[in-house]
Amino acid sequence: MRWAALLFGYAFLYAPIALLVLGSFNDSRLTTAWSGFSLRWYRALLADEALREAAWLSLRIAALSATGATILGTMAGLALARLGRFPGRTGFTALLAAPLVLPDLLLGLALLLLFVLLERTLGWPGRGAGTVMLAHVTLGIAYVAFTVRARLAGQGTLLEQAAADLGAPPLTVLRRITLPLLAPALAAGWGLAFVLSLDDVVVASFVSGPGATTLPMLMFSTLRLGPTPVLNALATVLLALTLLLGWAAWRWRPVAGGKARH
Amino acid sequence: MAVLPWAWLLAFIAAPAAILLAIALATPIEAVPPFALGWNPEPLALTLTDPLYHAALWGSLRMAALTAGLCLLLGYPMALAIARAPSHRRPMLRALVLLPLLTGVLLRLTAWIAILRDEGYLNAALLALGLADAPLHLLHTEAAMLVGLAYVYLPFMILPIEARLSAADPALEQAAADLGAPPWRTFLHITLPLSLPGVLAGIVLVAVPVSGEVVIPALLGAPENLALGRVIWDAFFQERDWPQAAALAVVLLALAVLPVRWAKP
Numbered sequence: 001m002r003w004a005a006l007l008f009g010y011a012f013l014y015a016p017i018a019l020l021v022l023g024s025f026n027d028s029r030l031t032t033a034w035s036g037f038s039l040r041w042y043r044a045l046l047a048d049e050a051l052r053e054a055a056w057l058s059l060r061i062a063a064l065s066a067t068g069a070t071i072l073g074t075m076a077g078l079a080l081a082r083l084g085r086f087p088g089r090t091g092f093t094a095l096l097a098a099p100l101v102l103p104d105l106l107l108g109l110a111l112l113l114l115f116v117l118l119e120r121t122l123g124w125p126g127r128g129a130g131t132v133m134l135a136h137v138t139l140g141i142a143y144v145a146f147t148v149r150a151r152l153a154g155q156g157t158l159l160e161q162a163a164a165d166l167g168a169p170p171l172t173v174l175r176r177i178t179l180p181l182l183a184p185a186l187a188a189g190w191g192l193a194f195v196l197s198l199d200d201v202v203v204a205s206f207v208s209g210p211g212a213t214t215l216p217m218l219m220f221s222t223l224r225l226g227p228t229p230v231l232n233a234l235a236t237v238l239l240a241l242t243l244l245l246g247w248a249a250w251r252w253r254p255v256a257g258g259k260a261r262h
Numbered sequence: 263m264a265v266l267p268w269a270w271l272l273a274f275i276a277a278p279a280a281i282l283l284a285i286a287l288a289t290p291i292e293a294v295p296p297f298a299l300g301w302n303p304e305p306l307a308l309t310l311t312d313p314l315y316h317a318a319l320w321g322s323l324r325m326a327a328l329t330a331g332l333c334l335l336l337g338y339p340m341a342l343a344i345a346r347a348p349s350h351r352r353p354m355l356r357a358l359v360l361l362p363l364l365t366g367v368l369l370r371l372t373a374w375i376a377i378l379r380d381e382g383y384l385n386a387a388l389l390a391l392g393l394a395d396a397p398l399h400l401l402h403t404e405a406a407m408l409v410g411l412a413y414v415y416l417p418f419m420i421l422p423i424e425a426r427l428s429a430a431d432p433a434l435e436q437a438a439a440d441l442g443a444p445p446w447r448t449f450l451h452i453t454l455p456l457s458l459p460g461v462l463a464g465i466v467l468v469a470v471p472v473s474g475e476v477v478i479p480a481l482l483g484a485p486e487n488l489a490l491g492r493v494i495w496d497a498f499f500q501e502r503d504w505p506q507a508a509a510l511a512v513v514l515l516a517l518a519v520l521p522v523r524w525a526k527p
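These protein sequence lines are chains Z and E, in that order.
Here our numbering is used: position 207 in the first sequence is 207, and no number is missing along the way.
In our numbering, each residue carries its 1-based index in the second sequence increased by 262.
The hints are simulated quantities; they were obtained by calculation from the structure and are not laboratory data.
In this text, all values refer to a predicted model and were calculated from it rather than measured experimentally.
Mixed in with the good hints, there may be bad ones.
[As the list claims (entries may be wrong)] Pair by pair, the computed Cβ-Cβ distance ranges are:
| id | chain 1 | residue 1 | chain 2 | residue 2 | range |
| --- | --- | --- | --- | --- | --- |
| 1 | Z | Thr228 | E | His350 | 37 to 45 Å |
| 2 | E | Ala276 | Z | Arg176 | 33 to 41 Å |
| 3 | Z | Ser28 | E | Arg447 | 48 to 56 Å |
| 4 | Z | Ala11 | E | His350 | 19 to 27 Å |
| 5 | E | Thr311 | Z | Gly209 | 31 to 39 Å |
| 6 | E | Pro485 | Z | Gly209 | 22 to 30 Å |
[Said to hold, decoys possible] To give an idea of the chain Z side of the interface with chain E (calculated C-beta under 8 Å), a few residues:
| id | residue |
| --- | --- |
| 7 | Leu13 |
| 8 | Leu19 |
| 9 | Leu83 |
Even glycine gets a Cβ: it sits at the ideal position worked out from N, Cα and C.
Using the sequences provided together with the hints, build the complete structure.
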């Protein structure tokens, strides 16, 4: 009974992905008729200029916005874990958590309206890759902040106190003690923000401008017209990339009591 | 330390929300951008009176409720099974629930389209087994949309329930069993009440984002299934009626914020 629930559940979660991978190696255009192993869809994928350009744009946006989200999210996480009751803490947490649960559509529409008003009054920012990046930083901050807070809550302040007692100024304590201890959380938060940015269609569709079509935007418009085997190949490549990242995160995951020696 | 993130959140979350409200009260005009700020309650009033928007509101509520129900049905047994697994296995089982979340929504929807379309895997299987004479029309139906939504949001239901069940004291169930309670009674009076906060959190985590979902209904759902996400998208991108889109977004925001406030952990 218990194993049946697990078996059924994991089959439901993974069977579609397995079929997708299988289909990408199928020589036939029809997904269901197997006509032999082939890499032709991967060759077609490499030859597709629009897809390549969109993928490159998305990777750059994801890397930069994940970095921005990590910097701001770490500050937010440190504030939540270490500052105690600073003024406006409740409002801060609510604003921080809003993009986690609210539909993406709301953030996309609201941010677009902000960008349009700013553009009209200040002439900045023009809509395009830059605005998508600003939006994705906003989307990612919470993931980093809550990962950092969880890590800090689990490790106490003993080491920081010891460093301060030995005369280290606060910035040195942050640089030599707190941040190195946080490294696994920072890596995990960066990875989450990166994946999130690489996966977002809705927010990007609103805030992007002409000429800046991200990979998910392109995939969405192609999928609306109907699936193609090239898309299966693209999905398989993305899947391999995520699995690699996920495996790395699992391999070097923080084990309780393993990293921070007391 | 808190200053910079505070400023960012005020600029990119609080300010846009205020602007959204302001533009919901603006007047649509033929210009770039297509609105004139002012006091025009008409778009907001229309969201409550227009039959199309009524249908969209109900469509969103129905979609959110059915998806949450489906996720609960599929997710609860799984959460229970993971929580009852030996503790050294649990991190791996949990990671396997989380992993699909990292593999992109569009990627997983590509997979479901390949399964459900007229010449897809499911129809091929049904035809081969003699369960259907002609390919069934499965894609672009409400059922396909709900399966896709449940598939994408299932991990958000499993994880909070599993966390609650794993944290519960096993001695309680043991005691009930020792006192002669049959398994179903133990479940109904001990296990289920203990997991209820997790169930509630799971329902909010699924229902709230689903109520404004655009991508999954567009790719898997039927054209006649209306929901707030779609009418906002259309009002904005097709009709270019920004005040109306903003007014509908305000309704969606109100709808989404209420349960989050109510189920605060």
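Now the hints, each set against the structure:
1. Between Z:Thr228 and E:His350 the C-beta distance comes to about 43 Å, which sits within the given range of 37 to 45 Å.
2. The beta-carbon spacing between E:Ala276 and Z:Arg176, approximately 35 Å, falls within the hinted interval of 33 to 41 Å.
3. For the hinted restraint 48 to 56 Å between Z:Ser28 and E:Arg447, the CB-CB distance of approximately 55 Å keeps it satisfied.
4. Look at Z:Ala11 against E:His350: about 23 Å separates their beta carbons, and that is inside 19 to 27 Å.
5. Between E:Thr311 and Z:Gly209 the CB atoms are about 35 Å apart, so this pair conforms to the stated range of 31 to 39 Å.
6. Against the hinted window of 22 to 30 Å, the Cβ-Cβ separation of E:Pro485 and Z:Gly209 comes to about 29 Å, which satisfies the hint.
7. For Z:Leu13, the interface hint holds, since its Cβ comes within 8 Å of a Cβ in chain E; the closest pair sits about 5 Å apart.
8. Evaluation of the Z:Leu19 hint against chain E yields a held restraint, the C-beta minimum of about 6 Å falling below 8 Å.
9. Here the hint on Z:Leu83 is kept, as its CB sits about 6 Å from the closest CB of chain E, short of 8 Å.
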